[in-house]
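2 protein chains.
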Amino acid sequence: MLNFDFCSPTYFAFGKDTEERTGELVKRFGGSKVLIHYGEGSVERSGLLNRVKKSLQESEIEFVELGGVQPNPRASLVYEGIELCREEQVDFILGVGGGSAVDSAKAIAVGVPYDGDFWDLYEQRPEIEEVIPVGTIITLAATGSEGSNSSVITQEKGWKKYGFRSELIRPVFSIMNPELTYTLPPYQTACGIVDMLSHILERYFSNTKEVDLTDRMSEAVMKSIIDNAFIVMNDPENYGARANLMWAGNIAHNDTLGVGREQDWSSHQIEHELSALYDVAHGAGLAVVLPAFMKFTMPKHVMRYAQLANRVWNMDINFEDPKQTASKGIAAFEMFFKMIGMPTTFEELGAKEEDIPQLTSKVRIKGDGEILGFFEPLTRDDIRSIYQLCVG
Amino acid sequence: MLNFDFCSPTYFAFGKDTEERTGELVKRFGGSKVLIHYGEGSVERSGLLNRVKKSLQESEIEFVELGGVQPNPRASLVYEGIELCREEQVDFILGVGGGSAVDSAKAIAVGVPYDGDFWDLYEQRPEIEEVIPVGTIITLAATGSEGSNSSVITQEKGWKKYGFRSELIRPVFSIMNPELTYTLPPYQTACGIVDMLSHILERYFSNTKEVDLTDRMSEAVMKSIIDNAFIVMNDPENYGARANLMWAGNIAHNDTLGVGREQDWSSHQIEHELSALYDVAHGAGLAVVLPAFMKFTMPKHVMRYAQLANRVWNMDINFEDPKQTASKGIAAFEMFFKMIGMPTTFEELGAKEEDIPQLTSKVRIKGDGEILGFFEPLTRDDIRSIYQLCVG
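Respectively, the protein sequence lines represent chains A and B.
Going from the first sequence to this note's numbering is simple: count from 1 and add 18.
Going from the second sequence to this note's numbering is simple: count from 1 and add 18.
Pulled out of the complex, with its shape left as it was, chain A reads as follows (with noise of 0.2 Å):
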């Protein structure tokens, strides 16, 4: 096990009508004047943005509006934000809906105190020293924006998808209510259960021995989002399962999971670039990557698959020849994507093996930007090597 930190120091309020809450959470967290920050629509006939803004009128804070984030959320509209949040004096802002809102009310919160482009801070990743809060109310199972200390904005500028990482950005409370999540279609469901799983998988791909622990808890979510999902997809109005579920994408990114372990986070990096490039939900696209991923990997990783295999799936081990199991446990995650209506392949996805070479030249790599990822070191070969395994 590695030496690590660990804090997770956001208040979480999970269970129905939590929103009623949002007054008295924002107050309590210091908030005066908060940005109230959404999507498309959904929030708005489902009746939730009015909910909130009455919580917030009990609680005496003022407020201003900015709607229109969209799925990959986008530089222009955070600049849009951080602008009206200085001529405001906003000193709240409130992320609602799914993962998009959230990273787009993270990055308006970097860049209100920042003296310069917030893209920079995505592009450059330097450490910072001020935010305004952030806090969230959460319509979507996924992405655990909620409680990571992670923001993924789109530059429609070269069309760049850049991750940035502060434990400033991570929010101060998330209000999680699980049956604001029923009216999900399945597909945007689906996406979002393959999110979690991917959030789980990338920090078990990991080669550090002696983390029993985190592999047990991560192989126990993993079962139990597999389980849910089945439920939900025949049942969306399954209150158990839709919390099962929201309060899982939560423990997936949290890093609960994570803790002493080196992570790979490769498929991520691999994924972004379709998400970019096509702009297909993240979730589908990392139905695609991972089994690729995975199969690419595995034979050098035979063990740690085939514990995967046994303990996700609860697959018999084949002494004789583990290498099997591995491969069985891979199938069935490919077969499980399906089954909850996730493409597996480029051609689903709408993505084209003739953009391959640029895939491959775009993916982000830190450092010398020659390899990617801890688990299995990858070249540009290898990455192309994946993509061309997901063309099927």
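Hints are not guaranteed to be accurate.
Repeated chains share a single entry, so a pair holds when one copy, or any two copies, can fit it.
[What the hints assert, rightly or not] In silico DSS-like pairs for lysine-lysine, Cα to Cα no more than 25 Å straight-line:
{"no.": "1", "residue 1": "K227", "residue 2": "K356"}
{"no.": "2", "residue 1": "K227", "residue 2": "K241"}
{"no.": "3", "residue 1": "K318", "residue 2": "K346"}
{"no.": "4", "residue 1": "K34", "residue 2": "K227"}
{"no.": "5", "residue 1": "K313", "residue 2": "K341"}
{"no.": "6", "residue 1": "K346", "residue 2": "K71"}
{"no.": "7", "residue 1": "K51", "residue 2": "K380"}
{"no.": "8", "residue 1": "K175", "residue 2": "K241"}
{"no.": "9", "residue 1": "K318", "residue 2": "K370"}
Since the hints were derived computationally from the structure, they do not count as laboratory data.
Let chain A serve as the given structure and place chain B on it in line with the hints.
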């Protein structure tokens, strides 16, 4: 699943040599004059105390010391600590040692700004508004006190052992170096293992439905504790096993494994009277009480115990008679406690059958004082029966 609020804001610095970061962390959390509060000598003998002082000195932080915390920490030392902190204008309490040192540190932290006898707080459990911040350096994987909102103190007058809870007494940071547990005697290691298992079981003894995620994570952590327990009992200086156990002790009690469920805690109340009367280690008392509690409650909760047997002990379910499976799971816990050197009967613990009426009448029951717990509401007669089952 029930609505819940969850917040575990403690900053954890985990791993080798992390005690060298004491000064840095005290400073980060605003301390300028520290009370170092510890137990009975092992902290001095091991050199830990000197390393901590050196780290504080390097950060130019003043300190005073108060040693002498005993297992089942006493009110008398808390009074002494409160007085010392007031005299010396201490603004940060650092508990160094096991759960006892930390619990005693927390009691001092609430007592210093409280205008009255701190024991009133433990007797009456009011909301408090002010404490001195607490940090910890733990040398024992057990109580989870390093991340918890609770403290248990024994009042020598009348030998009462009461707990107090407040979000304000959660440590602001905890330093966790698994190497500091290498020299623990096997008995204390085993007591810690039982204690952390009990913190999970008390949350698992629940009738709340649709908490699959919390269940599975609980089962995963119990499995990991049991696996790693066998390793450390044979190889006390196995870093990985010590590390997994130490982190498990925290996860077991920061409520990650309790959210969304009605919890029980009857076994803890029943045990508290044993450690108060006989001054035995809490973990040893729990090793006696837990199997008795499980046997007593099993007939009405067959499927819950069958799940425990199946998922924690990998026992196949007997679908014709799940009670058999349930019983085997309980027997497995009892056998496990014996295997790691714990007592499982009154006699082995040094408790006396003739004290059962006294023990029974002293068990503290909230509310009307008639019914203990939620999982299986216990009358005083039931509590007597559970003590009787402890006789063996």
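So, going through the hints one by one against the coordinates:
1. Neither within a single protomer nor between protomers do K227 and K356 lie at most 25 Å apart by alpha-carbon distance, with minima of 32 Å and 29 Å respectively.
2. Within a single copy, K227 and K241 get their C-alpha atoms as close as 22 Å, and across copies as close as 17 Å, so both meet the 25 Å cut-off.
3. With identical chains, the CA atoms of K318 and K346 are at most 25 Å apart within one copy only, with a shortest distance of 16 Å there and 40 Å across copies.
4. With identical chains, the CA atoms of K34 and K227 are at most 25 Å apart between copies only, with a shortest distance of 15 Å across copies and 40 Å within one.
5. Taking the shortest Cα distances, K313 and K341 sit within 25 Å of each other inside one copy (11 Å), while across copies they are farther apart (43 Å).
6. Taking identical chains as interchangeable, the C-alpha atoms of K346 and K71 are never at most 25 Å apart, the minima being 50 Å within one chain and 55 Å between chains.
7. Taking the shortest Cα distances, K51 and K380 never come within 25 Å of each other, neither inside one copy (40 Å) nor across copies (53 Å).
8. For the identical chains of this complex, K175 and K241 are neighbours neither inside a copy (40 Å) nor across copies (50 Å), given an alpha-carbon limit of 25 Å.
9. When the C-alpha separation of K318 and K370 is checked against a cutoff of 25 Å, the pair qualifies neither within a copy, at 28 Å, nor between copies, at 59 Å.
Violated hints for the displayed structure, listed by number in ascending order: 1, 6, 7, 8 and 9.
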